[in-house]
Amino acid sequence: MTPGWHLRRRKLVSAAMTGACALAVLVALVPLASILVFIVARGLSSLDWDFFTKLPKPTGEAGGGMANAIAGSAKLILLASLVAVPVGVLAGLYVAEYRGRRLASAVRFAADVLNGIPSIVVGIFAYGTVVLPMHRFSAIAGAVALAIMMVPLVARTTEEMVLLVPEMLREGGMALGATRTQVAFSLVLPAALPGILTGVLVAVARIAGETAPLLFTSFNNQFWSSRIDQPTASLTVQIYSYAISPYDDLHRQAWAGALVLVVLILAVSLLARLFTRRLERMAGR
Amino acid sequence: METATMTPSPTTPTHAVSMDARSAPASAPAADAPPLIEIGGFSFWYGPKQALFDIDLRIRERAVTAFIGPSGCGKSTLLRCLNRMNDLIDGVRVEGSVRVQGQDLYGPDVDVVDVRKRLGMVFQKSNPFPKSIFENVVYGLRLQGVKNKGVLRDACEKALRGSALWDEVKDRIEESALSLSGGQMQRLCIARALAVEPEVVLMDEPCSALDPIATAKIEELIFQLKERFTIVIVTHNMQQAARVSDETGFFMLGKLIEFDKTDVIFTRPKQKMTEDYITGRFG
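Here the protein sequences line up with chains A and B, keeping their order. First residue of the first sequence? That's 588 in the working numbering, and the numbers climb one at a time after it. First residue of the second sequence? That's 366 in the working numbering, and the numbers climb one at a time after it.
Don't read these hints as lab results, they were simulated from the structure. Treat the hints loosely; a few may be bogus.
As the list claims (entries may be wrong) - So, partial list: chain B residues that the calculated Cβ filter (under 10 Å) puts toward chain A:
1. Asp-474
2. Val-480
3. Lys-482
4. Leu-484
5. Gly-485
6. Val-487
7. Pro-495
8. Lys-496
9. Gln-509
10. Cys-554
Glycine included, every Cβ here is placed at the ideal spot set by N, Cα and C.
Generate the whole structure from the sequences, applying the supplied hints.
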């Protein structure tokens, strides 16, 4: 029981724990790496220029692409963001700036509950409130479903980012005669903007991969649709319907679609990081 | 500094304090002139905890009044009561009055925004907004609805000259305020407060986060500013209080122990507690 023995034991335990942590990281990375490898291996061979530029061919014919689904996904995400970003940002700002008020606590609780609702239920809700009254599947219905999923995500990240803004910034504004609302919009919101934008992009990446809320809202479309009150194709639904079809050619296209989707989501996530860093540098931090 | 560019506030009586007041604070202005700020029987509570006890204090116009005392003695609380910044905290309660030119700040139909316009504040840690230097300085004016670019630019230059920062930043007022050094940021915050032409500038330990050189600059600035503004400064640094102020109040546990001309407080205080504190026996 010499001091030297104790020290050796501590070092041994430390090394063992560090090793265990490293092993856990590796285990956690295995699924991610294998998904990526799998998708790239299966999808890359079916990816060609046609995939990005051509419409789907009628069932049974070879070739064709998913151009309309890529554009449709972009359209759905854009429409959903147009609604969800302002609502989510304002709600998050309110919850953070007026914390302690009963309505703020209620809003935060509601956002958490909404966040926990399964996406298929959100889809059914949009079906009941938008598709049934309109008597048709539409991009609007799909966007509503996606927006409902996006609002709590944006609201919670906005709240977190706004809470990080130092209190002394607010005091500085108030000391110059600004009201709470003026401080919130002219000082707090700009200061939190880089973080909020990251949150928005993360939310976009999240809803871009959703299939369930779109299945019976925006449905699917084999053709281009420029209108927002018509059924609209999306990458996820297209992948789903190709994947359950009995044709090998469509399976290959589904793999290619999955690859494109993953790459797009990865790109948005990377963009989010880049954006944050650029804005932070501009703000001088 | 070009004080000529800054017009004195119209409410100013004739007994302007000259620079000589520094060498002879005892002869400083007419003690019989009515005080600008009159604090009477003022008590303050944070929830159930009383932080200030029955404070009576008169603050003279165009003079520097310092509040000193150990941490938690209530000096910052009192300062923040002077422009009602404590309203931002839930569950506070006040008793007594703070009169500025006869008007009670805690009266029933007082507009808090107006109060904060008349009594500007500089904080312990400089808090520049994440905007350009220019936008920082004119923030208060924009709040008041001033839109004219020329007016804003003139006001910006005047305020930056007033805080002795103009020469250092005149070529880069569109750059981010966060690119300034610590001392420059604090002077920017002073300029921001000056831009709305307040009657009083409240300073809450403005130098506690600055190095000695930046501190010296701010002290020199305080000296120039008191020709046009009334200044109330809270400081932990007793040498600073002795250097810059005309009158000093010593606080202990929420009570005003002694208030007198600065040289009296520092050379022949009447209270044993004051003497113990300034000679470093506690605190």
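Going through the hints against the structure:
Because the beta carbon of B/Asp-474 sits about 17 Å from the nearest beta carbon in chain A, more than 10 Å, this interface hint is broken. Below 10 Å, beta-carbon pairs count as interface contacts, and B/Val-480 has one with chain A at about 8 Å; its hint therefore holds. Interface restraint check: B/Lys-482 against chain A, minimum CB-CB distance 4 Å, threshold 10 Å, status holds. The criterion of a C-beta within 10 Å of any C-beta in chain A is met by B/Leu-484, whose closest approach is roughly 9 Å, and the hint holds.
Using the Cβ-Cβ criterion of 10 Å, the hint placing B/Gly-485 at the interface with chain A is satisfied: the shortest such distance is roughly 7 Å. Interface hint at B/Val-487: satisfied, since its Cβ lies 8 Å from the closest Cβ of chain A, which is below the 10 Å cut-off. With a cut of 10 Å, the hint placing B/Pro-495 at the interface with chain A holds, because the nearest CB-to-CB distance is about 5 Å. The closest approach between the C-beta of B/Lys-496 and any C-beta of chain A is roughly 7 Å, which is under the 10 Å cut-off, so the hint is satisfied.
A distance limit of 10 Å between C-beta atoms decides the matter here; for B/Gln-509 the minimum to chain A is near 7 Å, and the interface restraint holds. Taking 10 Å as the C-beta cut-off, the interface hint given for B/Cys-554 holds, the closest approach to chain A being about 7 Å.
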